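For the sequence shown, this note's numbering gives the first residue as 1, with consecutive numbering after it.
These are calculated hints, taken from the structure and not from any lab test.
If you're wondering where the values come from, they're calculated on a predicted model, not measured in any experiment.
We put the CB at the ideal spot given by N, CA and C, even for glycine.
Just to be clear, a hint being listed does not mean it is correct.
[What the hints assert, rightly or not] Per label pair, the in silico range of CB-to-CB distance:
id, residue 1, residue 2, range
1, Arg181, His215, 26 to 34 angstroms
2, Gly43, Val208, 37 to 45 angstroms
3, Arg259, Glu166, 22 to 30 angstroms
4, Phe281, Gly172, 17 to 25 angstroms
5, Leu157, Glu10, 38 to 46 angstroms
6, Ala96, Pro143, 42 to 50 angstroms
7, Ala288, Lys98, 49 to 57 angstroms
8, Arg49, Asn223, 33 to 41 angstroms
[Stated by the list, open to error] Straight-line alpha carbon distances no greater than 25 angstroms define the calculated SDA-like cross-link-like pairs of lysine to any residue that follow:
id, residue 1, residue 2
9, Lys289, Asn207
10, Lys287, Gln276
11, Lys97, Gly68
12, Lys289, Tyr224
13, Lys97, Thr121
14, Lys289, Leu157
15, Lys98, Thr112
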Amino acid sequence: MAWRTSQLREAGFGDRHVKFLVATGVLLRMRQGAYLRASYWSGLSAAGRERTVIFMHSYGTNSTSAAGYVYSHTSAARIHGLHLWQADTLIHVTQAKKPSSAGSDAHTRIHTGTLPSSDITMVGQTHVTTLERTVVDCCLTMPYKRALILTDHALRLGASLDILQEAADQLGKHRGVRNLRRVLANADALSESPGETLTRDLLRELNVEAPTLQHWIHTRAGNYRADFAWVQKRVVLEFDGKGKYFDYRPTDEAVFLERKRESALLEAGWVVIRIQWKDLFDEAYFKAKVLAALNR
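The task is simple: from the sequences and hints, build the whole structure.
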């Protein structure tokens, strides 16, 4: 699947042959000295390609050696599979020594600093910051809402809130720590998608009565779990807008099941509010739509 130039030469492929394989679309040159089978790349999702670019950086620079650096910030987030919204595509690494030309280019951001061993883990053969350290680094450098999306997902994957809060306490007046503390105060592992995170936070910002998250409802057609529920008022809110930013497209079967679910909820006496991505950026419309259902 992936080869270094030296491996291709050992297999009998000279420089001219390698150039021919690249020109004919058999191989992709991912970076200097590192090649990938094109058919493998074409089958990857957008998120898969982002992770592969990082792994190929590691592969091409031998950064998995003891003297290498640690992938951090949004690169660590991608390796861990965390949700990212509007994040940069740079490769971020942290190393103790000042940057040299090795492994550094216009697509790489090198952060200088010493990481304690407790902040480093291995994913495959790649050194990467732990979930908690990744959250801290991203919250210190990202806008609030983007950081909240990532943190919700990290908590859902098992990141320790206690460790995160301890890290925030130790940072004192470090640049970005106010954003980190704000994120930790509002993060919730129960939000299962970026859209749910933004919806929950917008409800909070607009001072709308807080709903119950992931509430199970019994209906004649079965039990359903609502994204948001105001139980006493029998109102549920469902977020539908995954497709615009996260390559999600519902299948015909999924659309059918969603309609069946809504019909069952309506029959059981619940009001269903549906929110799309565009609604999250029209606060007046969003608030009016929610309050109309809650105050009916």
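Structure-based check of each hint:
1. The given range of 26 to 34 angstroms is respected by Arg181 and His215, whose C-beta atoms sit roughly 29 angstroms from each other.
2. For Gly43 and Val208, the Cβ-Cβ distance of about 43 angstroms falls inside the hinted range of 37 to 45 angstroms, so the restraint holds.
3. Checked against the given bound of 22 to 30 angstroms, the beta carbons of Arg259 and Glu166, roughly 47 angstroms apart, lie outside it.
4. The hinted range of 17 to 25 angstroms is not satisfied by Phe281 and Gly172, whose Cβ atoms lie roughly 35 angstroms apart.
5. In this structure the hint that Leu157 and Glu10 lie 38 to 46 angstroms apart at CB holds, the actual value being about 39 angstroms.
6. Separation of Ala96 from Pro143 is about 28 angstroms and departs from the stated range, judged on CB atoms against 42 to 50 angstroms.
7. A hinted range of 49 to 57 angstroms for the beta carbons of Ala288 and Lys98 is consistent with their spacing of about 54 angstroms.
8. At about 37 angstroms, the CB distance of Arg49 to Asn223 agrees with the hint of 33 to 41 angstroms.
9. Between the alpha carbons of Lys289 and Asn207 the distance comes to roughly 14 angstroms, so the proposed pair stays at or under 25 angstroms and holds.
10. Taking the CA atoms of Lys287 and Gln276, the gap is near 13 angstroms; set against the 25 angstroms cutoff, the hint holds.
11. Distance check on the hinted pair: Lys97 and Gly68 sit about 10 angstroms apart at the alpha-carbon level, within 25 angstroms; holds.
12. A C-alpha spacing of about 23 angstroms is found between Lys289 and Tyr224, which places the hinted pair at or below 25 angstroms, so the restraint holds.
13. With a CA separation close to 19 angstroms, the supplied pair Lys97 and Thr121 stays within the 25 angstroms bound.
14. For the suggested pair Lys289 and Leu157, the alpha carbons sit about 32 angstroms apart, so the restraint of at most 25 angstroms is broken.
15. Distance hint between Lys98 and Thr112 is fulfilled; the C-alpha atoms sit about 6 angstroms from each other, no more than 25 angstroms.
When the structure is compared with the earlier hints, violations turn up for hints 3, 4, 6, 14 and for no others.
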